[in-house]
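Participant: Sequence:
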Amino acid sequence: QVQLVESGGGLVQAGGSLRLSCAASGRIFDINYMGWYRQAPGKQRDLVALITSGSDTNYADSVKGRFTVSRDNAKNTVYLQMNSLKPEDTAVYYCYVLKLEGGYWGQGTQVTVSS
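Numbering (my numbering), first residue to last: 1436 to 1550.
Please keep in mind that the hints were generated in silico from the structure rather than gathered at the bench. Each residue gets a CB set at the ideal place from its N, CA and C atoms; glycine is no exception. Heads up, a few of these hints could be off.
Said to hold, decoys possible - What follows is a set of in silico ranges between Cβ atoms, one per label pair, in the way DEER data are often shown:
hint, residue 1, residue 2, range
1, Arg1480, Leu1446, 18 to 28 Å
2, Trp1540, Ser1490, 18 to 28 Å
3, Pro1476, Gly1443, 16 to 26 Å
All chains should be modelled from the sequences, with the hints used to inform the complete structure.
Facilitator: Listed below in structure tokens is the structure:
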């Protein structure tokens, strides 16, 4: 089992920044990648960004150039730096970890961007 604890969500004005953190604990070996998904009300959960064990990254087109995903292997933590936030970024953001045996989700953290 892997436990994920997220932090850093909140309310911010358009154009502002937030940084999300996700700390992993438990059976944290053999992690293929760590990443972030988001789900807005009435919409499906979509990938925002991910980072592999080799530090390769992948971003949704809608956040490229504004968001940066990173990881601190010593702290088993993945971060999402979100800049130039837009109202359409409003969603619950979920941390996700993929291992060989399957994926694990965090509890989610709300990000609200006001116009």
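Participant: Each of the hints needs a verdict: does it hold here or not?
Facilitator: Structure-based check of each hint:
| no. | hint | in the structure |
| --- | --- | --- |
| 1 | Arg1480 / Leu1446: 18 to 28 Å | holds (21 Å) |
| 2 | Trp1540 / Ser1490: 18 to 28 Å | holds (22 Å) |
| 3 | Pro1476 / Gly1443: 16 to 26 Å | holds (20 Å) |
Of the hints listed earlier, there is not a single one the structure fails to meet.
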